[in-house]
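Following the hints, complete the assembly by docking chain B onto the known chain A.
Sequence lines, in order, name chains A and B. Quick note on numbering: this note's numbering labels position 76 of the first sequence as 562, and the sequence is numbered without any gaps. Quick note on numbering: this note's numbering labels position 163 of the second sequence as 165, and the sequence is numbered without any gaps.
Don't read these hints as lab results, they were simulated from the structure. Mixed in with the good hints, there may be bad ones.
Stated by the list, open to error - Taking lysine-lysine and the DSSO-like style, the derived pairs with C-alpha atoms no more than 27 Å apart in a straight line are:
(1) 201(B) <-> 217(B)
(2) 744(A) <-> 717(A)
(3) 691(A) <-> 720(A)
(4) 8(B) <-> 682(A)
(5) 720(A) <-> 744(A)
(6) 492(A) <-> 717(A)
(7) 8(B) <-> 598(A)
(8) 744(A) <-> 691(A)
(9) 8(B) <-> 713(A)
These figures come from a predicted structure and were not determined experimentally.
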Amino acid sequence: MHRLAKNKWLLARRGTQLGILALFMLGPWFGLWLVKGNLSFSLTADTLPLTDPYVLLQSMVAGHWPETIAISGALIVGIAYLLLGRVYCSWVCPLNMLTDFASWLRNRLGVKAGSYVSRDMRYWLLLATLVLPVISGVMVWELVNPVSLLHRGLLFGISAGWLIIAMVFVVDLLVSRRAWCGHICPMGAFYSLLGKWALVRVSAKRREACNDCMDCFAVCPEPQVIKPALKGAKNGLGPLIMDADCTNCARCLDVCSKDVFEFSTRFNNTADSA
Amino acid sequence: MLTAAKSLGSVAAISMGLGLYARQSSALPAYAIRPPGALNEQDFLSACIRCGMCVRDCPFDTLQLARFADHVVTGTPYFIARQIACEMCDDIPCVKACPSGALDHQLSDINEARMGLAVVIDQENCIAFHGLRCEICYNVCPLREEAITLELQHNPRTAKHAMFIPRVHSDACTGCGKCEQACILQQAAIKVLPIKLAKADAGGHYRMGWEEKKKSGKSLVTPDATHQFNLPQGVEYDYQSGKIQNEEGAGTEVKP
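Just chain A, same shape as in the assembly:
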């Protein structure tokens, strides 16, 4: 019980990821069509449209103006992530469970080797995936995008698509730590930018209690985001994690033995609010 309580945010997150997947699976598995479609576009209870704004944006830069329902769906999703931050990656994306597993296994097996990939790479790739459709008229990233491919594949059949998913897993496990979600995925980069000014933020509110155990840095998929908040007191920085790369996954809340972290809003970021 104690162990479960210590991982309550992780459990909540897995529950959400699997819950969303289960809602989609009700249709193909049990014939209950509460949610139709996939993460690119879905219709819930025949009324609520939800569109992936990144996929829709690719289509629009390729030169197509979509129907109103797709645009409304993208606005709903867009506004949600505008407020909640980059939670798509940690609370929704089905690939995240696999990359988290790769990262866990990597630690377990003690894989140290790693190629260096810049964390900015994803932003360049994001740019490329939005420029190439302008030139070619084809949504090139959607030809290979493992995120939409995995979710669509689980619902509609994946066949050789497993190869791409396996590739992401192998790269994360053996080539570079958190390579996909933290360095390469342009979808994550898109949601970072979208959630840059998000309302909901993790705060290192009780940072004076930090005993430098480094647990949060070890577990965080984007450890570079923690330092300014946790160690910024002497530079007059507030306790909020303001970096757009933070996925609000709340693993730091779970692992910190001193309960330094909590969820807060971006308005509580004065240096003395800690």
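Same frame as chain A, now just chain B:
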């Protein structure tokens, strides 16, 4: 600076790979038919967001989403007529379900759909051409007598029977594929092909004389002069000038 260059280099390399892959994969194989109302392939690929709503709302499980490494662009909908043809629903649920407009919402009458064009592609093996009665394609056609008609031809083998030859009319055929699915041969003799592949284009300069004549009320070329003479060798009758001329070209006026 160096890291930026490295990232940029990797991204450039990936982009080039993707670009090549995009070019290669955007050619739709002839057996894959897009749902009714699909925009032309180039526009379709920029419009379709691969959500599968059309697949879900297809009551006959005709449509499927292409999987990775299929020859159709990943995640886009298509059907194979020989497996399950389009049943041409009156309310066109697949088009209604499409949130992107990759399936054109302007399409309100399914008979106006142009998914492809049926072609009696193997006239050597189609049994109608052997004088056997089959007519399955004709009978299953949702637009029988408009999209497929039967033409009666003389059967030279028996010399006393008729051959019932199926003929497809492109002004009515929607490309639903019912005929291809129903063809009794091991390999269908009638197949739905992309319209671009199936149709010839004579070119704008090519006119049918008899049709032009009907349109303008008179012949557009100088009418043939009535035949008058059996000319000796080496002497020709010039239809333009109405003169008889020998090989040197010296002409003699002919009074009709």
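For this session: Any hints from earlier that this structure breaks? Give me their numbers in increasing order, please.
Result: none
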